[in-house]
Structure formats: C-alpha cells, structure tokens
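Just so we're aligned, residue 7 is where the sequence shown starts under the working numbering, counting upward by one.
None of these hints come from the bench; they were simulated from the model. Quick reminder that beta carbons are idealized off the backbone N, C-alpha and C, glycines included. One thing to keep in mind: the hints can contain errors.
[Claimed, not checked] Ranges between beta-carbon positions, derived for each pair: (1) T18 x A55: 36 to 44 Å; (2) P49 x L112: 45 to 53 Å; (3) H58 x D94: 31 to 39 Å; (4) H86 x P49: 53 to 61 Å; (5) G35 x A106: 21 to 29 Å; (6) D94 x A55: 36 to 44 Å; (7) T100 x V32: 14 to 22 Å; (8) A12 x V56: 42 to 50 Å; (9) H58 x E26: 23 to 31 Å; (10) E51 x H85: 52 to 60 Å; (11) A55 x L101: 22 to 30 Å.
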Amino acid sequence: MSETLAPVEVETVLEAISTEMSIAAVACGHLDVALGKILEVVPAEHRLAVMHELHMVDMLAQHITAITDFTGRVLHESHHTGRLEVNDALNAITLGDVAARLRASLQAKAG
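Assemble the whole structure, with the sequences as input and the hints as a guide.
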C-alpha cells in the first residue's frame, strides 16, 4: 500500500506531470529510433506498414511534446499570477486537434 499524500499545490502537480511527460517524450524518441532500424531490415513488401507505424510514433511524440509544453507554460504563468492562465499556452500548441480538445475541455469545466 502506498503512502497517502497530503494535498499539494496545483503548481506541484503540473510540475510533476510536465516532468513525466518529458520522460515519455524521450521514450517515444527511442521507439522512433528502434522502428527506424527495423525499417532498414524489413522486407520491401512490409515497409509501408512499418512506415505507417513510424508516422504514428511521430504523431505520438508531437502530442506528448504539445502537452508537455502546454503544462510547462501554464506552470510558468501560474508562478506570476497565482492563477492558471491557459490562453497563451493553448495558442502555443502546434497540433490543432490537441489544442481544440484541451480548449473544449477547459471551457466545459469553466461553465
């Protein structure tokens, strides 16, 4: 059984999430390299499938990076204002689908 934590500041949670997402981004990079090596040795008739998987890993890496950057930017802004200002962080996300989903989720919860 794990230890029960006392309540923590939102900033502390965002910092932990950002750190974990950075670790996931590095792991995704290693996966991309591994699939690239597999692509070099796979028979020609299967290369398209591996290339598709490489594309999916690239999209995952971009998604992870977008969430990491968003979280880091929100964290940075919260240090200055004490509130979670998300507009600049949302506008900095380069993946439109991710930004749209986050914006919709935040708007729904804001009322």
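| request: Mind checking the hinted window 45 to 53 Å against the Cβ distance between P49 and L112? | output: Given about 47 Å between the Cβ atoms, the range holds.
Point to revise | Assessment of proposed distance window 23 to 31 Å (beta carbons of H58, E26) | key: Once the Cβ atoms are compared, 27 Å apart, the range 23 to 31 Å for E26 and H58 holds.
Is the distance from the Cβ of T100 to the Cβ of V32 consistent with 14 to 22 Å? holds (19 Å)
- Query: If you check the beta carbons of A12 and V56, does the distance land in 42 to 50 Å?
  - Reply: Because 48 Å falls inside the window, the suggested range holds.
Quiz item: Would you say the C-beta atoms of H58 and D94 sit inside 31 to 39 Å of each other?
Solution: holds (35 Å)
| said: Against the range 21 to 29 Å, how does the distance between the Cβ atoms of G35 and A106 compare: consistent or not? | reply: holds (26 Å)
- Holds or violated: 36 to 44 Å for the Cβ distance of T18 and A55? At roughly 43 Å between Cβ atoms, A55 and T18 fall inside 36 to 44 Å, so the hint holds.
- Cβ-Cβ distance between H86 and P49: within 53 to 61 Å? For H86 and P49 the Cβ distance comes to about 56 Å; the hint holds.
Requested in this report: Hint says 52 to 60 Å; check whether the CB-CB distance for E51 and H85 agrees.
Outcome: This hint holds: roughly 54 Å between Cβ atoms.
Worksheet entry | Distance restraint evaluation - A55, L101, Cβ atoms, bounds 22 to 30 Å | holds (24 Å)
**Prompt:** Do the Cβ positions of D94 and A55 conform to the proposed distance bound of 36 to 44 Å?
**Reply:** Holds: the Cβ-Cβ distance is about 40 Å, inside 36 to 44 Å.
Going through the hint list in order, the structure satisfies each hint without exception.
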